[in-house]
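Undergrad: The hints should help you fit chain D onto chain P, whose structure is shown.
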Amino acid sequence: MRRRRTRNRAPWVLLPLAAVGVAFIVLPLVALLQRTPWGDLGRLLGDPVVTDALRLSLVSALVATVLSLLVGVPLAWVLARTDFPGRAVVRALVTLPMVLPPVVGGAALLFAFGRRGLLGEPIYDGTGFLLPFSLWGVIAANTFVAMPFLVITVEAGLRSADERYEDAAATLGASRWTIFRRITVPNAMPAVLAGAVLCWARALGEFGATVTFAGNLQGRTQTMPLAVFLALESDRDAAIALSLVLIAVSLAVLIPLRDRWLR
Amino acid sequence: MFAAASLSDAFTELAQAFEAAHEGTSVELSFAGSSSLREQILAGAPADVFASANVANMDEVIEAGEVGSATVFATNRLQIAVPAGNPAAVDGLADFADPDLLIGLCAEEVPCGVLGRQALDAAGVTPSPDTAEPDVRALLTKVEAGELDAGLVYVTDVLAAGGGVQGIDLPAEIDVSTSYTIGTVTGSGDADLAAAFVELVRSDEGQAVLERAGFERA
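Line by line, the protein sequences are chains P and D.
Position in the first sequence counted from 1, then plus 23, gives you the numbering used here.
Position in the second sequence counted from 1, then plus 21, gives you the numbering used here.
One should not assume that every hint holds.
[Said to hold, decoys possible] Only part of the chain D face toward chain P is listed, based on derived beta-carbon distances under 8 Å:
no.	residue
1	123
2	154
3	167
4	168
[What the hints assert, rightly or not] Partner residues aside, some chain D positions facing chain P, computed with beta carbon under 8 Å:
no.	residue
5	131
6	155
7	166
[Said to hold, decoys possible] Derived DEER-like restraints, expressed as beta-carbon distance ranges:
no.	chain 1	residue 1	chain 2	residue 2	range
8	D	86	P	276	39 to 45 Å
9	P	114	D	147	50 to 56 Å
10	D	93	P	145	46 to 52 Å
11	P	259	D	47	31 to 37 Å
12	P	142	D	37	50 to 56 Å
13	D	107	P	114	42 to 48 Å
14	P	111	D	147	53 to 59 Å
In case anyone wonders, no lab produced these hints; they're calculated from the structure.
Just so it is clear, CB atoms sit at the ideal spot from N, CA and C, and this is done for glycine as well.
In isolation and in its complexed conformation, chain P is listed as follows (with noise of 0.2 Å):
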C-alpha cells in the first residue's frame, strides 16, 4: 500500500517521451513476433539443441549470479565503506567489463586463463584444468561480463544507507563481522536482490565472451544465444523461434523480480 501513495501524478510533457521510449523497446519485440513460426514452436521446443543450449543458458546464468554474490558483495562493501588510495581506480576497472566489447573481454579472458595464459598456463601444467571449452569457461565469461552489474548496484545501494544503524551496534559492542551480517547485508538486502536479477539477466543473454572464451559445443558450451546465433546462419525460422524461448523465460523471471526489487 505503501507505493501507492507514493505514486504522484505525472508532469504532462514525461508522458510522450515515455511512451517513445516504451514503444521503441516493445516494437522490435513485436516484429518478432509477428515473424515467429508458431506452428513451428512445438517441434523446435522438442529439439535436443534447444533442450541442451537452454539448460546450459540457466544453469551457467545461475552458478555466475551465484559466484557474483560471494565476491560482488564484499567487493562493493569494500568500494562503498572503505578508503585506500587508488580506489577511484579499482572502482573504474570494477565497471571495465560493460564497456569493454565482450569478445574483446572473452580474448582477455583466454589471455588469462587459457591452455597458454597468464595463470591459466601453470594450472594446466599443475593439474592438467582448463577452464576454456568447458561448462566451467562459460560461467567464467558470463561472470566476468556480469558480475559489474551486481557490485554497482550494491555499492549505490550501501551508499545510500543509513549508517547511523551499524555505528549504533559499534558502540553497542558488537563486532565487524556481526554488524555486516546482522545489520549492513538486511539493510542492503533490496540493492543485493536487484544487483543479482540484473547480473543473472545480463548473464542469460551473454554472447560475445562466451563464444571467445568457451567456444561452441552443444551440449557442453552452446547456450541459448549462441543457438540462436548459429541457427541465423542456417534457418531464419529456428532462430526466431530461439529468440522467443529466450525472451519468455526471461520475461518469466524478470516480471515478477523487476517488480519487486527494481524499484
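TA: Showing chain D alone in chain P's frame:
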C-alpha cells in the same frame, strides 16, 4: 561492394586498382560472413556487387531476384591449421578423432563447417571436436593462440595469418573445395561500374591477386 570476409585482403587490393583505373570513383567495401551479407541484401541494403564464399547464399539472393546471375570466380581449399611449431605433433585428419587433443571445427551452419565435415567424412574420420566455431576467423584465432591443437580452415586463412599458424595440406584424394561466386545486384545505382568490377575480378589481373592470397582459379 558486399564481399565474404575471406576476400578482405584480395578485394581491398582489387578495389584500389579499380579506383586507379576509373578516375573519380571510390569503392566502398563491406566485408562480413556470406550469410550475414545475404540477409542484408534480402532486407534491401544498397549493394552494387555481391561476392559470396559459397553457391548456396548466392542462389538465395538470385531466387529473391536481388541478383540477376552469378559466376564462379575462384575456389578455396581447406588446410589443417596448427599453432606455430605444431606442439601436439598433428600430422593428418586422423588426429581429429583423438579425444586427448583440443580440436576445433567450424559450426555446421557455416560453409567452412560443411566443407570440413565433408573432408573428415571422405577420410573416414569421426571427429571429437572441442568447439564448433561460428566463423573461420574465430577458429583461426584460437589455433593461433595455441588454445587448440588443430583446426580445419581455408588455405587463404593460413596464408593471411602469417607466422602464427602452420598449414598442413589435406591428402590429394580428399577433393573438397568451395566455389566463390560474384554477381551484380539488380537494384544497383550504377550497373555499368558494377559490371566493370566483376570483369576486373575475373580478369588475369584479378585472378593473379586472388592466387597470391591462396585462392585457386575457377
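Undergrad: Hint by hint, note whether the structure agrees.
TA: Tested hints:
Interface restraint check for residue 123 of chain D: the shortest CB-CB distance to chain P comes to about 7 Å, inside 8 Å, so the restraint holds. Look at residue 154 of chain D: its Cβ gets to within about 6 Å of chain P, closer than 8 Å, so that hint holds up. Annotation: residue 167 of chain D was flagged as interfacial toward chain P, and the flag holds, the nearest CB pair being 4 Å apart, inside 8 Å. Because the beta carbon of residue 168 of chain D sits about 5 Å from the nearest beta carbon in chain P, less than 8 Å, this interface hint is met.
With its C-beta approaching chain P no nearer than about 6 Å, residue 131 of chain D sits inside the 8 Å limit, and its interface hint holds. Hint status for residue 155 of chain D: holds, given a least beta-carbon distance of 6 Å to chain P, under 8 Å. Taken as an interface hint, residue 166 of chain D checks out: its beta carbon lies about 6 Å from the nearest beta carbon of chain P, inside 8 Å. For the pair residue 86 of chain D and residue 276 of chain P, the supplied restraint of 39 to 45 Å holds, since their beta-carbon distance comes to about 44 Å.
For the hinted restraint 50 to 56 Å between residue 114 of chain P and residue 147 of chain D, the CB-CB distance of approximately 51 Å keeps it satisfied. For the pair residue 93 of chain D and residue 145 of chain P, the beta carbons lie near 50 Å from each other, so the given range of 46 to 52 Å is met. Range check, residue 259 of chain P to residue 47 of chain D: Cβ separation about 33 Å, and the 31 to 37 Å hint holds. Between residue 142 of chain P and residue 37 of chain D the beta carbon distance is about 44 Å. The supplied range of 50 to 56 Å is therefore violated.
Look at residue 107 of chain D against residue 114 of chain P: about 45 Å separates their beta carbons, and that is inside 42 to 48 Å. Here the CB-CB span from residue 111 of chain P to residue 147 of chain D is close to 55 Å, well matched to the stated 53 to 59 Å.
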